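Trainee: From first to last, the protein sequence lines are chains L and G. FYI, the numbering for the first sequence is 1266 to 1622, going by the working numbering. FYI, the numbering for the second sequence is 1266 to 1622, going by the working numbering.
Just so you know, the hints here were simulated from the structure itself, not pulled from any lab data. Wrong hints could be hidden among the right ones.
Copies of one chain are not kept apart here, so a pair can be met inside one copy or by any two copies together.
Capping the alpha-carbon separation at 25 Å, the derived lysine-lysine pairs in BS3-like fashion look like this [unchecked claim]: (1) Lys1475 x Lys1308; (2) Lys1297 x Lys1308; (3) Lys1398 x Lys1443; (4) Lys1475 x Lys1366; (5) Lys1528 x Lys1308.
The model shown is predicted, which means the values in this text are computed figures rather than measured ones.
There are 2 protein chains.
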Amino acid sequence: MEVDVMSNISITTVDKSKIDSFDFENVKFGAKFTDHMLVCEYKNNAWQQMEIKPYSAIELDPSARVFHYGQAIFEGMKAYKDDNDDVWLFRPDQNFERFNKSAVRLAMPEIDEERFIGGLKALIDLERAWVRKGQGNSLYIRPFMIATESGVIASPSNEFLFCILLSPAKSYYSGKIKVQIAEHFSRAANGGIGAAKAAGNYSAQFYPTKLAQEAGFNQVIWTDSATHTKLEEAGTMNVFFRIKDTLYTAPTSERILDGVTRKSLIELAKSEGYQVEVRPVLVEEITKAAADGTLKEIFGAGTAAVINQIEGFSYKEQYYQLPELKDEECFALDLKNKLTRIQNKLANDPFEWTVKI
Amino acid sequence: MEVDVMSNISITTVDKSKIDSFDFENVKFGAKFTDHMLVCEYKNNAWQQMEIKPYSAIELDPSARVFHYGQAIFEGMKAYKDDNDDVWLFRPDQNFERFNKSAVRLAMPEIDEERFIGGLKALIDLERAWVRKGQGNSLYIRPFMIATESGVIASPSNEFLFCILLSPAKSYYSGKIKVQIAEHFSRAANGGIGAAKAAGNYSAQFYPTKLAQEAGFNQVIWTDSATHTKLEEAGTMNVFFRIKDTLYTAPTSERILDGVTRKSLIELAKSEGYQVEVRPVLVEEITKAAADGTLKEIFGAGTAAVINQIEGFSYKEQYYQLPELKDEECFALDLKNKLTRIQNKLANDPFEWTVKI
Chain L
1266 MEVDVMSNIS ITTVDKSKID SFDFENVKFG AKFTDHMLVC EYKNNAWQQM
1316 EIKPYSAIEL DPSARVFHYG QAIFEGMKAY KDDNDDVWLF RPDQNFERFN
1366 KSAVRLAMPE IDEERFIGGL KALIDLERAW VRKGQGNSLY IRPFMIATES
1416 GVIASPSNEF LFCILLSPAK SYYSGKIKVQ IAEHFSRAAN GGIGAAKAAG
1466 NYSAQFYPTK LAQEAGFNQV IWTDSATHTK LEEAGTMNVF FRIKDTLYTA
1516 PTSERILDGV TRKSLIELAK SEGYQVEVRP VLVEEITKAA ADGTLKEIFG
1566 AGTAAVINQI EGFSYKEQYY QLPELKDEEC FALDLKNKLT RIQNKLANDP
1616 FEWTVKI
Chain G
1266 MEVDVMSNIS ITTVDKSKID SFDFENVKFG AKFTDHMLVC EYKNNAWQQM
1316 EIKPYSAIEL DPSARVFHYG QAIFEGMKAY KDDNDDVWLF RPDQNFERFN
1366 KSAVRLAMPE IDEERFIGGL KALIDLERAW VRKGQGNSLY IRPFMIATES
1416 GVIASPSNEF LFCILLSPAK SYYSGKIKVQ IAEHFSRAAN GGIGAAKAAG
1466 NYSAQFYPTK LAQEAGFNQV IWTDSATHTK LEEAGTMNVF FRIKDTLYTA
1516 PTSERILDGV TRKSLIELAK SEGYQVEVRP VLVEEITKAA ADGTLKEIFG
1566 AGTAAVINQI EGFSYKEQYY QLPELKDEEC FALDLKNKLT RIQNKLANDP
1616 FEWTVKI
């Protein structure tokens, strides 16, 4: 990860930072951004020079492919500050790899490590003051790529813009949430783009999620599109189920995002002596376990939310309330605490997941 | 469709039209646009005043929802000029209805007829000189809507931009094309957004289409994601199959776009005495019909392409060449000729599909 980025980057800084007017105590996730952004164009079959510049509007032809054909991908990552004011990334190699997998699936150019990792290190280095220390605090990192070529022709663009935005973050959800298990709508199909962090995967969920919210739920847990019998993911989170003292989560597939928090939790939980089984989880076994009292916990796992506890779910008009466990009995809370302590450099990192900027 | 648009529209025209430098003989589909565009913002829960202004860039915050979550829909329509220099639309009510269905599925606001139909009539009225007469000539119309609210939060935008672009057109493809029947990749699933003209549906097809093109084919005919046994659509076109003297096409569904050209062709073909059956079409019956010589024609149908003849297809490593019919034996050519003559006002329109501007 040692890259000489400075030879291929132009930097223009703001005259005056807006950090003094930023309220770090009342942070709405993803709503406000730091002073600078990184941009890099792709044209003539090559990535051009990176540019760090004041956060500012993007100007595109109204026929740009991204507006018409949704050729766009992104990543979600976080940076953390330790007690020595050092700034750390969490498993950036995983996001870099996944970004390029998404790029291939969406017929977009892969990007090199110098630009993705090097570029974001250079940007965060400039914005160190925006990273706050303390468990749960972080700087959310949003790398994304959009198709910029003009022309309302349904074919891949030849021009792209890679961009990184930074947004101070606490945690994504507050409190436990209620979810609905999808019976009709679906998020992804075999042979589709569900495993890619593609823009179109998210807007497709907005309407079914809105219906769930109108019915009193916060999120939808998607089931497989072919049979609606297997539990998949929650759209912005992978999902874990605890039956008795075993954690179950679905294997990644063409339909399910290979979440970095998911894979970290699996590894962490195993190393902590928890029983973890990665295998298809059936709706039927979860409703049965809920009915007989062996279903103890459900939680979502994602970069934005880290871990989000689920208090109950509905399926076929029936609501299943999960038991109220004492905090010290919750696998979710224990794992969230242990993972965020590693991320925030408040605990040892035996996995070597954290990378210093 | 009588709407008083002028009271709710501001118009700014270009100083000098670029029409004199436009080469109407060598038109690349969707690549160049007329002098003006229509824009209308949605904010504070309401559509704002429409604006016709010189074609110009769109400026958006880099965190605008359309870049990250693909919340974007569009329509494709055409305007035609008759020998009296009158300009006509083809079934605009169908596109207006479908646009709003797409909007609902993508959690976007529906738009009123005054803005969609009235707005495009006002814009085309200003751009009459860009509509050329003659069979096959048209002005391609691209209404679209994008989510403009800033914030990298995976939830529906509260602000949108509706926009109409115009692009002089001949036809989308030239010559017959070869297609590949999808065996692994899929375009849409039950419970998904396949029936919506959503941006994300198109970029999802780019990679599989690229693979098909590298293998020597022009397009992919998608099969149902669950079993890959039923023929669905070709991504930018619905598909018709002629076995002996009967035309078959798949019914519309959650997975298949309700194409205006498709439904017009079904009606036209029936009125011309052709046998048409709308029912699921199995891959197996098409390969069998190809093998025993009863498969006479396959063609795609869409606004951009009108009708596109398919000369052969591949499935499971085998290539099936369709017979070379004489022009006068081709249902595709006959129907294309009859439909474009209605569209271009060179024939009577017993269906009352055409609407004068």
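Trainee: Compare the structure with each hint and give your call.
Mentor: Cross-check of the supplied hints:
1. Lys1475 x Lys1308: between (38 Å within a copy, 19 Å between copies)
2. Lys1297 x Lys1308: This pair counts as between: shortest inter-copy Cα distance 19 Å, intra-copy 30 Å.
3. Lys1398 x Lys1443: Neither: 30 Å inside a chain and 59 Å across chains, both beyond 25 Å.
4. Lys1475 x Lys1366: Intra 30 Å, inter 16 Å, cutoff 25 Å: inter-copy only.
5. Lys1528 x Lys1308: neither (35 Å within a copy, 40 Å between copies)
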